[in-house]
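Visitor: Chains as they are written, first to last, in my numbering: chain A, 1 to 366; chain B, 367 to 679.
I should point out that these hints are in silico values taken from the structure, not numbers from a laboratory. Hints may be right or wrong, so weigh each one.
[What the hints assert, rightly or not] Straight-line alpha carbon distances no greater than 27 Å define the calculated BS3-like cross-link-like pairs of lysine-lysine that follow:
| hint | chain 1 | residue 1 | chain 2 | residue 2 |
| --- | --- | --- | --- | --- |
| 1 | A | Lys219 | A | Lys37 |
| 2 | A | Lys219 | A | Lys100 |
| 3 | A | Lys61 | A | Lys2 |
| 4 | A | Lys61 | A | Lys164 |
| 5 | A | Lys141 | B | Lys675 |
| 6 | A | Lys118 | A | Lys66 |
| 7 | A | Lys118 | A | Lys100 |
| 8 | A | Lys2 | A | Lys141 |
| 9 | A | Lys334 | A | Lys355 |
| 10 | A | Lys164 | A | Lys192 |
| 11 | A | Lys141 | A | Lys100 |
| 12 | A | Lys141 | A | Lys256 |
| 13 | B | Lys675 | A | Lys118 |
| 14 | B | Lys676 | A | Lys141 |
| 15 | B | Lys375 | A | Lys61 |
| 16 | A | Lys141 | B | Lys674 |
| 17 | B | Lys675 | A | Lys100 |
| 18 | A | Lys37 | A | Lys66 |
| 19 | A | Lys349 | A | Lys256 |
| 20 | A | Lys100 | B | Lys676 |
| 21 | A | Lys66 | A | Lys256 |
| 22 | B | Lys467 | A | Lys118 |
| 23 | A | Lys2 | A | Lys219 |
| 24 | A | Lys2 | A | Lys100 |
| 25 | B | Lys674 | A | Lys100 |
[Unchecked claim] Which bits of chain B does chain A cover? Going by a derived footprint, with three or more residues having C-beta under 8 Å, they are:
| hint | stretch |
| --- | --- |
| 26 | 469–475 |
| 27 | 586–596 |
[What the hints assert, rightly or not] Partial selection, computed: residues in chain A whose CB lies under 8 Å from chain B:
| hint | residue |
| --- | --- |
| 28 | Gly70 |
| 29 | Asp234 |
| 30 | Gln237 |
Beta carbons: idealized from backbone N, C-alpha and C, even for Gly.
Single-letter residue listing:
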Amino acid sequence: MKIVLQNLTKVFPSRNKKAGEEVIAVNDFTFEIPDGKLIGLLGPSGCGKSTTLYMISGLQKPTGGKIFFGDDDVTELSAENRGVGLVFQNYALYPHMTVKQNILFPLQNLRGADKLSKEEMLERALYAARLVQIDNLMDRKPSELSGGQQQRVAIARALVKMPKVLLLDEPLSNLDARLRLQTREEIRRIQKETGITTIFVTHDQEEAMSISDLIVVMKLGVVQQIGQPQEVYDDPQNLFVAKFLGTPPINVFDGKVEGGRLYIGDAAVLDVPGVADQEVTVGIRPEGFVPDENGPLVCRLNSVEVMGRDVSVVSSHPAAQTPAIRSIINADCKVNSGETVSYTLKPHKVLLFSKTDESRIYFEVK
Amino acid sequence: MVESKHKWKAWLYLAPAIVLLLIFTVWPIINTVRMSLLEGYNSMSAVGGATYSFGIGNFKQVLEYNYFLQCLGNTMLLCVLTVPLSTILALLIAVCLNAIKPLQRLLQTIFFLPYVTNSIAIGMVFAAMFNMVGSAFGGENEIIITAGIINNVIEFFGGHAVNWINAGSSYAANVVVMVVYIVWNALPFKILILLGGLQSINRQYYDAARVDGTSRRRVFTRITVPLLSPMLAYVVITGFIGGFKEYSSIVGIFGEDMGPAGAPGRLNTMVGFIYDSLSTQQGRASAAALILFGIIFVVTMINLYVSKKKTHY
């Protein structure tokens, strides 16, 4: 089922009536989430991604705008009647019930025409449990489960009523690094198997990029960019998105454009045809550096970290906005262990942004 | 080992408490057991050098004594009536209090007021509320001069005034008054505990239940009550213990006669019986005290057993 958000806005009134001002958690969010896709809502904490999720679930009421499930306007529908599955950040499994009882609970709530017989309920619960591979833990209490197992139970509980929409709030944040990798693949698999439109919230860009069909990058309640992960990474619309996506993060320099050439410091590092003369912010992806003895961008070499397949070169440059510039280069390329390292730049890995509003300045890549 | 080196220091720090406990708790318990086993023990004659035979005569005497059995019955009856009633009421009030946002603090304070008020004072107010000054009842010529607020209300709604606590009142009416008073008196503590428990329940369970489409009733029975069960068990256990020690509430309403005029002792309780026996028949009092201890012990064990089966942490 597709989900349509129309000018969705949420304003939290100020807590202190005299001094505080109201907080706009989500500002005019319009987006159509296509049916059966996995969507990642991505942004730093406080960007309104969880609020958006809770508005879709019905637990929070939007201040303005509308939400549609398919063609039905559900804006006024309470959470009880929306039929969404929601997995909470800390799972919110009922501690006094066994895994089985937890999974059965949503089914036992069904009334009227949807009411199921005991056998049907058990069957559905077992199906959901098998889907997340916890069917051998059915008689345990949540306190007897590991974090990853609790996570699965929470997903099974959300899936068992066959929701039209599955919502996951920071689903991986309570898991350790290895389990996180494993679980995110699991979420992807389950989503593919069930074909349920799934929205998940995360502040971890790697997590969002790795499993989402589409990512939505948010900042301070405002949607910055929506697109396929690779597309957003390659073609960010502003400096915030460029900085937020990618590990190691993008390297940012102060630069200027003069006569169609980009200068970082005094060196002309790249031809940027079609850009008017101005001061710019230059973002260069770590993989955009090519070591070249005669390269125009000369940096002071700090250290070389060998990571096997790649080499990470840490250097510094007076025009850089961060003390360390991190480039990832192929291990085959030799980096001289001298005082300095010189680079030429891959044009499509160099992104220019306006100094005034941080928006992207496009140039023609030859 | 470092610990054993400093053991004497630990004992030294504990000493004041241990000494006080030995003098005022442990020794009295031992002495009570001793006195209960000395048949017909009386401290006055004991000072005079009288000796007593050793045996269970005191217990036998107490258990065959009708007045004691009446006191036991009263205590049991009040316990059985007031503990469940006050717990259920406290739960409902706590849930309601927890659900309202405005004035919650104020209401919480109001509901807690009885707890900080002297129970004798409350008893006197209740006695005044249920009071009825006038002549005896039933006859046609008799005129009620003044009735307490409860009877005023009953008459306002067209009912007939009831003799709650005055001379000639029925046992049932007395018990009703006692139950109302004890429940009202017991509510604040229970509300406080249950409200605290409610507020410590993670809101996300309720959010999860809402998303799962749970009805309000099911949320209450399947989520709130189970998650509150440790507090409920605590409240019930302390309620029973307090209930078996009921005494001052009776004094508050009926005075030291422990019953309406003309029927003294009708509502006396176990503690009342022990207290009455204390001045002259310490042997009997000790035996009754130990019986009371035994009953509380057994009831608490049953409570703990049940709550272990029914609570979830």
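Visitor: Each hint should be assessed against the structure and marked as holding or not.
Guide: To see whether the hints hold, each was checked on the structure:
1. Lys219/A with Lys37/A: At roughly 22 Å apart (the allowed maximum being 27 Å), Lys37/A and Lys219/A satisfy the hint.
2. Lys219/A with Lys100/A: Between Lys219/A and Lys100/A the Cα gap is close to 39 Å, so the pair fails against 27 Å, i.e. violated.
3. Lys61/A with Lys2/A: holds (20 Å)
4. Lys61/A with Lys164/A: holds (19 Å)
5. Lys141/A with Lys675/B: Status holds; Cα separation ~15 Å.
6. Lys118/A with Lys66/A: violated (37 Å)
7. Lys118/A with Lys100/A: Distance ~13 Å between Lys118/A and Lys100/A Cα, so the pair holds.
8. Lys2/A with Lys141/A: violated (35 Å)
9. Lys334/A with Lys355/A: violated (35 Å)
10. Lys164/A with Lys192/A: Distance ~14 Å between Lys164/A and Lys192/A Cα, so the pair holds.
11. Lys141/A with Lys100/A: holds (9 Å)
12. Lys141/A with Lys256/A: violated (62 Å)
13. Lys675/B with Lys118/A: holds (25 Å)
14. Lys676/B with Lys141/A: The hint holds at about 15 Å.
15. Lys375/B with Lys61/A: Violated, at roughly 62 Å.
16. Lys141/A with Lys674/B: Holds. Lys141/A to Lys674/B sits at ~16 Å (cutoff 27 Å).
17. Lys675/B with Lys100/A: holds (19 Å)
18. Lys37/A with Lys66/A: It holds: about 20 Å lies between the C-alpha atoms, which stays within 27 Å.
19. Lys349/A with Lys256/A: Holds, because 17 Å separates the two Cα atoms, which is no more than 27 Å.
20. Lys100/A with Lys676/B: holds (18 Å)
21. Lys66/A with Lys256/A: violated (44 Å)
22. Lys467/B with Lys118/A: violated (39 Å)
23. Lys2/A with Lys219/A: Since the Cα atoms of Lys2/A and Lys219/A sit roughly 24 Å apart, the hinted pair holds (cutoff 27 Å).
24. Lys2/A with Lys100/A: Not satisfied, since the Cα-Cα distance of roughly 31 Å exceeds 27 Å.
25. Lys674/B with Lys100/A: Holds. Lys674/B to Lys100/A sits at ~21 Å (cutoff 27 Å).
26. 469–475: Contact hint for the stretch 469–475 of chain B vs chain A: violated, 0 residues under 8 Å.
27. 586–596: holds (count 5)
28. Gly70: With a minimum Cβ separation of about 19 Å from chain B (threshold 8 Å), the hint on Gly70/A is violated.
29. Asp234: violated (37 Å)
30. Gln237: This interface hint is violated because 34 Å lies over the 8 Å limit.
Of the hints listed earlier, those the structure fails to meet are numbers 2, 6, 8, 9, 12, 15, 21, 22, 24, 26, 28, 29 and 30, in rising order.
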